Amino acid sequence: MTFAHLPALAITVPLVAAPLAVLVRRSAPAWAIATAACAFSFFAAILLAAEVAAHGAVSYPLGSWAPPWGIEYRIDAFSAFVLVLVSGMATVVAPYAWRSVAAELPRDRIYLFYALYCLSVAGLLGMTITGDAFNVFVFMEIASLSSYVLIALGRDRRALLAAFQYLVLGTIGATFFVIGVGLLYLMTGTLNLADMAARLQDVRGTRPVLAALAFITVGVSLKLALFPLHFWLPNAYAYAPSVVTAFLAATATKVSVYVLMRFYFGVFGVRLVTGTLPMAEILLGLSLIAIFTASLVALWQQDLKRLFAYSSVAQIGYITLGVSMASRDGLTAAVVHLFNHGVTKGALFLLLGGVALRAGRATLQSVQGLGRRMPITSLGIVIAGLSLIGIPGTAGFVSKWYLVLGALEQGHWWLAGFVVLTSLIAVAYVWRFVEAAYLAEPGPGAPEPGETPLAMLVPAWILVLACVGFGLQTSFTVDSAQRAAALLLGGGP
Amino acid sequence: MSGAQLIGAALLVPVIGACGISLAGRWPNLRESITLLTAGTLLACVTGLLPEVLAGGRPALHALDVLPGIALAFRVEPLGMLFALVASALWIVNSIYSIGYMRGNDEPHQTRFYVCFALALAATMGIALSANLLTLFLFYELLTLVTWPLVTHHGDDEARRGGRTYLGFLLGTSIALLLPAVIATWAFAGTLEFRPGGLLRDAGLSHAALGALLALYMFGIGKAALMPFHRWLPAAMVAPTPVSALLHAVAVVKAGVFTVTKVIVYVFGVETLAAVRAADWLPTVAGFTILAASVVALRADNLKRRLAYSTVSQLSYVVLAASLLAPLSIAAAALHIATHAAGKITLFFAAGAIYTAAHKTEVSQLDGIGRRMPWTMGAFAIGALSLIGIPPAAGFLSKWMMFQGAASAGHTTAMVVLALSTLLNAAYFLPILHAAFLREAPAGEAAHGEAPAPMVIALVLTAALTLALPFFISVPLALARAVAGIGP
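Those protein sequence lines, which keep their order, are chains A and B.
Going by the numbering used here, the first residue of the first sequence is number 28, and it counts up by one from there.
Going by the numbering used here, the first residue of the second sequence is number 32, and it counts up by one from there.
No wet-lab data here; the hints were simulated from the structure.
None of these values were measured; they are calculated from a predicted model.
Positions of the beta carbon are idealized from the N, C-alpha and C atoms, including for glycine.
Treat the hints with care, as some may be off.
Covered stretches of chain A (in silico footprint by chain B; criterion: 3 or more residues with CB under 8 Å from a CB of chain B, positions within the stretch not fixed) [as the list claims (entries may be wrong)]: (1) 419-432; (2) 443-455.
What follows is a list of derived Cβ distance ranges for each label pair [said to hold, decoys possible]: (3) A/475 with B/495: 34 to 44 Å; (4) B/443 with A/312: 28 to 38 Å; (5) A/477 with B/57: 40 to 50 Å; (6) B/495 with A/495: 36 to 46 Å; (7) B/498 with A/329: 49 to 59 Å; (8) A/30 with B/82: 50 to 60 Å; (9) A/495 with B/36: 16 to 26 Å; (10) B/235 with A/304: 31 to 41 Å; (11) A/329 with B/516: 55 to 65 Å; (12) B/516 with A/517: 43 to 53 Å; (13) A/495 with B/235: 52 to 62 Å; (14) A/329 with B/136: 31 to 41 Å.
Pulled out of the complex, with its shape left as it was, chain B reads as follows (with noise of 0.2 Å):
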């Protein structure tokens, strides 16, 4: 198949299948066959798509002009192609996850999840491969939508609150600040066209402009949980846990941090950005938010709760390495988006394997369960010494590059938040492997094994993908650095 029909069956598969699983909802077996087979087809849709982009191509489709001037259209880049691999690939392995889990916590409404899951990676697929602001802004708030129902699931008083601050928080900013943002690049630039070295590299900006700009744009999207606009991502965690662990640590989220480095690279553009000096102000804003959030996970019992704070810290990691603006921090960035993921999602998976296994949810009731659940914790704790960055797991290579970007951009700022985070990174993440493999179980305790099989499975995939991601690390490596436009 051609790039264009690749592009076009990306984003129409997961859709054809949210309507085979709506159509199937009365024979579950079926039902979840249709999901795997989607998620199947939609991960070789886009593996046919990376040898061309590798190559340096850049495949597109132009399906119709919505305005004058403004077209639906898809443009698959290195950074994209990156996040379409990583979601792609890691919705496999959350639909094995998902049967365990809502099976084995016998969740109602099954078919609808599972519908409103396909439609969710539909929208990413359209955010990952947009051409232009006008075709990402329509995926983002598609994304936005079909994963309310997904959050609000359990359609009790908690659900509705978690709910509304959801909706409020991403509709709030995307509506309020990223919509003008958009229409006023429109304004200025006339065109929405992603561009190597940035669609406003000509539009003759002032200084003061370019930083409103950039404040509105990095502020509006919300989905990259910058603070104060974060508090969004805790409130998610209402969700079952699959959704947590796909869409509130990769694609939602992801989303954001994709969004915000596709707009510092292609709509500001690295040069105009580092010569007008007009981004300064975002590495403080997102060390803060790395620190601050990570004190505020450091003090969360309820396992998911912490979860989402280190992801709020660990998404302003790849804010903060975008923009340093240096081109190793930069592809250092696009570098964490898959290794977040990969190791974020073995969390989510280890949380929810817990809490059905088990019924725990606080950090406080694990002491002993590493004994139980060997398998379960000991994927956790790969995925935590991951994301604190010790080697070989995958967290450590981003990590690395983007001490490196700082050292080259001169940021000591910089250097010495990241250190200062993977100390808190350890310190929220150790007490729990020490509590679950050092400590004895209280007494009297019900005896329980392992989750269902599909979830431990799934766990272990992701674990064995952290491990064994430093080994395949060239591909995301070779389109991380044509992000940031270092050659091979």
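Isolated chain A, as found in the complex (with noise of 0.2 Å):
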């Protein structure tokens, strides 16, 4: 094997591993297929980003026919950060899901989770490494209809409804964003991004190319959980499979904001996003709103999947803050509250799994006293929730760092004021939790005392320290940030 195919190799993998789960049809084997696939990709991952850290952007005609003609996977400072981030949040989750998914589905249906579990990492590994705009949609697709399935799979009952919903919205946005896609091949005549930008310039500020930056934002935003159309994302958190609210949770928001900033950033160029339409202002309310109502909401919620649901639109309004920016700054806090956030929320919703394997369901009536009964499990989720609040010495602390920085590099007092006193609710939400579970006396419904399995306690235990490794030593998270950063402001993709 050549190193050269990697790239096609860490996407089809993990698109085989899928049918071969379904072919064993025991839940043993499919689940070492899926490990050992997600691993594989992992690797390819690592193997890739140090490439293109040393050698720069890397390009690969898939079947070898040369883009602009051919589907071109390319893979440079952004796209093999986020390979990192949803390879490695796969290959962590995948043992997790050994114990987890054994105890929360029925034995007859769990190869078909590894199943889907390979395909929604192939989808959205897919549509972070295409460099091709309808390979997007087609990867979205893929990456969608799995987590649907996925999803569904909850043993509430109300999963069923959430999936439905998700679906419904889901498909709107894929459609939306196919629509975009279709007006931007109507006039330029290509699909790869980076011809597709080039020639864009000739055809900058006519209508269909706005309707088409309309399109794709409001179907990507639909797909990112941007407010007001995170509607669905807290009911599918809150219902899915422990594994899956923790995956999609990692990942699939993030490849969503991930599409967004490709298309604003490296298609549609920023001088035309921010200076023809008001995109930047539109983006900023929005971000705006969302931090500051869903911190709130989640201020109010009982369940902890769904406190830490309404958590993520605020956190993601987090991101396309930094997004709508438009500098440097901004971009690379965007980028690195992406991946940090993708690891604390993994961290949190994997641990929350745990307490939902001993307790029955995670709500703040059933984690009271768990400061003794699990202590370790508890543990973890302080120490995710520091990172979500931006302790410093945790991974969110540099996100905020950056953030706080954009907003003032750009004269923005009140904006650095709001992030602040917003990352302040969270306080209030996370410390809600902590009252909980280590000053309240075990109730009716609290967990017998005993830990998480190691099996997934290990996997969780992982996140959690990467948490904090990622916020002491940010050589890795940061420059890859803030490449991707000078990448996206540089030009083309």
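Two independent chains are provided; combine them into the complex using the hints.
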């Protein structure tokens, strides 16, 4: 095997693993296949990221058809970073799934879960790696369709309704996206993103291009749950199986943000997006409302999965806030928060899955006294929660640092104030958990003493340690994010 | 050991100690021995740094790069040396006291208590020895977080409320005000490294910008308890008394005024502030806090609450002295960190001993207690006299220097505030002594003696320290003068 085909293999290995998992029809081998496929993709992503860091962007013509005619896989500083996030999260979550899925899903459907999981991973990685607009749509559909089913697998019957809601809104989003791509194809005659960007220079500001921008913005915003298009997310996260919530929260919305940034800065160009249309202002306004209202709503939730789901809507607002600044520090903040928040939320939802295993549901009621019943799980939630707040020494702090820096460098003192003040709301909702876990006596719904099984605790704690690690040793995340920001502002993809 | 190794040891020893304490949780005697051993080792490490710092050296340790251009790094300068010495020396005494208090009152969760205490000391060392604002900020937040379980130790509704106020004020001010100030400093100056003369000296900021930034810092450092952000300190009194004694009279609050002094001297620079008169409002706020808190203390019947407001007032002495920007007053600010610590910890020790032996918490219940607990109340008297500023107790020295500093700065108002507050100090301390020693105990009261021996030993030690400090003043004074840039 040569390294030359790594870009294709990173996608096709999980893609092929899916039917294999169906063929074996038994849970243990299906799990092994899925885990191996994710680990391979992670390995490939790291090699590709190292290659990009050393020698610049990698272009891979699929089937040797040269771009712009054939489909191009393009790995640059930005996509390599997101590839590492997605495949890394998939690799950490897969071993966790073994115990968690066995507890939450009917035995005869477990192999299907692993098949869909592989499809979802392949779809998300494909959306990231491809340099072709229509191909983005195809992978988006692979990722979305598989995630609808993954959510519907939840044992709560409301999961079906949540999945259906997500299906309807997600399909509308995908349709809007493909209409936008169609309009762009109409105006440029190409689907290759780089080529499209170059040809758009001549038709910039024409009505169809502006319409395409609007369609793509709305379509992708639905997928990334930008306020007010976020209604599917809290239900989907709350009722999906624990593994699915953790994986989707850490990756799916993040890849959608990636696609949005790709199109904004890589295809339309910053001048069109912020100059011709007031996209920066619109995005800024929506982000502010998202951060504020979703944080407040999170404060009133009893169900912890729902609480952190609303927190996700707010945190996505921080990412799009960084995007709306369209400056070097703003984009750095957006990209680095995309990664850090993925890790943080992944850790939180994995740990909540452990609580759910012992207590049935993770609610503020059932976690009372958790600090003594499940001390290691509980401590993990606290540390990840600190990262969510942005306490120094955690990953979340690094994001906040660049976000505030970006606001200050544009002279927007009020915006810096807004960012720090809203993170105080995060203190409040994280501390609702802390008080319940450490100051309350165990109530009737509280779990019996006993830790989360090791097979689940270890993956979760890998992410908890990553929250601290990426807060103290930021050379990988910040360097990657800064290179991605420079790349996005520099022009073509 | 080299300076860098000693710094690393000072940071790691309490953390390792905390691990050991949690492992030894089932054997209380072993657990407490580990605490004492850790405290002793820590003091040895910190003392080991002293000769080099006194000789003008600045031992440094570069741990890792957190953000491009901003490291997690440590560098020992005189002010940090003084703070680290005070905190680590008093931790030993406090640990002896804790053993008596926690066992005497049969407190729950003792392992958690000792673990968090050790971690709080680690965070304090991080603050004291930090080389830049980011490192300081990191440990500053850490100190808030690890002391929260100590404040909410009892786990009841009162503790929960106190904990919320504590966390709300401390995290609220530091995230909403201090963090933007730090990030803005980075944006303006391109460095966060503390340096003599101030890192903002060459940033070319306007008068208004400097003033705004200074306000963000001064109110953002909630641990200094500048009004109106002082309410967390009385709220923290729900904690067991050893916590109030070491953390809320020494480590946490001194971390606040330490940071204030550090920011004025090493971030803004005394000359810069004096030149543009950006700090002119600060003595007013500090003076107001001194007087207002003293008045509240005067009216508080709960002993710990009275001591807490006295602390609020005494902290603003440091802020006031630092904000006068005269070399002598800066040195007085640094010295007051040490002298107030020794006096106030004695007072809290006595309050805890009274609670343990007699279960009394209110000032109005203390009639005649001096005869039953002569050692405790004797120590209390020494601590109180020191805080009022009566020689030969240590508090007199820093207060005297403060007067001189205010005089040399020509700041009459500050001198009036200092004089008035001395009267107020006397007004809220002397009635306690009067009741304890000169009034008869009410008839029919249950007989009791002194508190358990470890507590009495600890409070006698700190009272002795308060009296002895003037004889060993050369070391703290040399450090304090070095902060202000006055030669020995």
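Earlier hints that do not hold, by number
3, 4, 5, 13
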